[in-house]
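Peer 1: Make a model of the complete structure from these sequences and hints.
There are 2 protein chains.
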Amino acid sequence: MKRRLKKSLAVIAAVMMFGFAGSSSHAADGLPSWNDGPAKQSIVAFVERVSAQGTADFVPVPERIAVFDNDGTLWAEQPMYFQLLFALDRVKALAPQHPEWKAQEPFASLLKGDVKGALAGGEPAIVQIVMATHAGMSTDEFDQIVGDWVASAKHPKTGHLYTEMVYQPMLELLAYLRANDFKTFIVSGGGIDFMRPWTEKVYGIPPEQVVGSSSKTSFEMRDGKPTIMRLPEINFIDDKAGKPVGIHQHIGRRPIAAFGNSDGDLQMLQWTCGGPGPRLCVFVHHTDADREWSYDRKSSIGQLDKGLDEAGAEGWTVVDMKVDWTRIFAFDP
Amino acid sequence: MKRRLKKSLAVIAAVMMFGFAGSSSHAADGLPSWNDGPAKQSIVAFVERVSAQGTADFVPVPERIAVFDNDGTLWAEQPMYFQLLFALDRVKALAPQHPEWKAQEPFASLLKGDVKGALAGGEPAIVQIVMATHAGMSTDEFDQIVGDWVASAKHPKTGHLYTEMVYQPMLELLAYLRANDFKTFIVSGGGIDFMRPWTEKVYGIPPEQVVGSSSKTSFEMRDGKPTIMRLPEINFIDDKAGKPVGIHQHIGRRPIAAFGNSDGDLQMLQWTCGGPGPRLCVFVHHTDADREWSYDRKSSIGQLDKGLDEAGAEGWTVVDMKVDWTRIFAFDP
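Chains as they are written, first to last, in numbering that gives the first Met the number 0: chain X, 0 to 332; chain A, 0 to 332.
Calculated from the structure, these hints are not laboratory results.
Treat the hints with care, since some could be wrong.
Which copy is meant is left open, so a pair is good if it fits within one copy or across any two.
Unchecked claim - Derived DSBU-like pairs (lysine-lysine); straight-line CA-CA distance at most 30 angstroms: (1) Lys-297 <-> Lys-224; (2) Lys-215 <-> Lys-182; (3) Lys-182 <-> Lys-200; (4) Lys-224 <-> Lys-182; (5) Lys-224 <-> Lys-39; (6) Lys-224 <-> Lys-239; (7) Lys-239 <-> Lys-215; (8) Lys-224 <-> Lys-305; (9) Lys-215 <-> Lys-101.
Peer 2: If you want it as structure tokens, here you go:
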């Protein structure tokens, strides 16, 4: 109630000062880490367009759905996806309970510190690592494991917590959109239950607005207590053509704005910008080898190739991290 | 903005009248169709308990998640599930494009008007009818088909639109919970895409807060346009033990309040009330043969048997529709 009262008083004050309760968008001065280039301008112009009451482009509040990829769009994804680093840490933590891993790939290589050798087995090896570390416990237990990890594990290059490796300009963008009555969702190829324990605190995005890849789960009584158990079986892969499917499944309406950074996001952007009325599709382009990483068409992680071509052809917005962002991480000088 | 201003002025007025911005719950006078019996009292007591700031039972706003079954809990489900009546209507509408149905069960019986004969094939027959009527079109097209049907089809007994067959006391309850900062979700065994086209208008529940059974879908380019197609394959059945699984998948946190009417909701209530802190579990009991229908332990639709026993054992709230509700439908005298 107190917060509501504060908001109310602020509105009253604004009305008294300006003599009207304006219908236009909240000012974009909430984007201090963005240079005033074409990327920022296209975002602000879009938000002002859909917020302009009485115009043909006005979008009612409930339809202001914005979707964000996570890895490489909201937080970094180098030298490899952070969830994979989590899985590797978990293999080490669980090794004492699995003496058989010493003689079993990909675990044997991993435990000898040979990550490259372990991952040489490709996708089957990764699936094995993920299943061994992400299944066999309750959802509550997994929440706790992830929460403990993000509170303590450090990024191998920067030494910062992974949840500090989020892009400051994107945090400002999320807040700016929400100030203009957008509902912000994550739509990530990463694990839905790997993200949910921390997205509300870090991004202001509650668990019910997180869409991601998932394992199958089952409801059962364990020691007489209702429990949801994580099974070693993939339920859904929220990547590429899976992203529009995940959006439809979870959100049930087409977003009007989508933000990604790789070809894994291309179909999400196609689906978003394929609808009628004003639409905003944005690729974050990793161009800053000094402050972050520089990669695109040939990267094995976060490859942006077809997407870059389509962005050019369709006139989508491409954020040049080096040029458009004055700061990348909050901890930058 | 106008609505926000009105709300603001109302809050200011309340503060001036009462001299404080209280932290307690919004008054329960928003439940005029509820008699002041134990059911209403248990609901109001729960809401006041979780809203009382500074107490051990206070629940922060983001965790105030309430889940509602749909068939038999928010709207009626007799003489059969309304979605099945929709499917039967669709079979008739599609028959000219399917001359083969004249010689093929369960369609042949249906087209002769013999519903009972068609459904004698049990679940396989129902699955056939649902697949023939719910798949093979885009999600946008299906939205339109459902929207047209709910705007025109009439209930065989009352002659009212199906969306008028919603329980007035439950509409008031949804609004009362939202006024106390609850986020309200539907968690139904019915089809997620059958509900979404109308739940926002009818219940104030937006598509992204609807959980239900689903078909598989695929993202594809159709005539160069990005399209999500509905496939004739079941993706998820959101019933019984599937309900906690669906809740975990879509919402990602455990509700603190759950409302159902049948054994299909039992696991949802177990999951909700199995958590720590204040919890509210409610069964709506169909006891009014005059104003609605009367059925429970032996009904083939909406059977409430184990649930009734467990409600007694656990002290859950049971709403006696005949006794607790002064009105059932808005169109009641």
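Peer 1: Evaluate each hint against the coordinates.
Peer 2: Consistency of the hints with the structure:
1. Lys-297 <-> Lys-224: Between copies only: 28 angstroms across, 50 angstroms inside.
2. Lys-215 <-> Lys-182: both (27 angstroms within a copy, 25 angstroms between copies)
3. Lys-182 <-> Lys-200: both (16 angstroms within a copy, 18 angstroms between copies)
4. Lys-224 <-> Lys-182: between (35 angstroms within a copy, 25 angstroms between copies)
5. Lys-224 <-> Lys-39: between (51 angstroms within a copy, 28 angstroms between copies)
6. Lys-224 <-> Lys-239: between (38 angstroms within a copy, 16 angstroms between copies)
7. Lys-239 <-> Lys-215: both (20 angstroms within a copy, 16 angstroms between copies)
8. Lys-224 <-> Lys-305: The answer is between: 17 angstroms across copies meets 30 angstroms, while 49 angstroms in one copy does not.
9. Lys-215 <-> Lys-101: Answer is within; shortest intra-copy Cα gap is 28 angstroms, inter-copy 40 angstroms.
Violation of the numbered hints given earlier is absent; every hint is satisfied by the structure.
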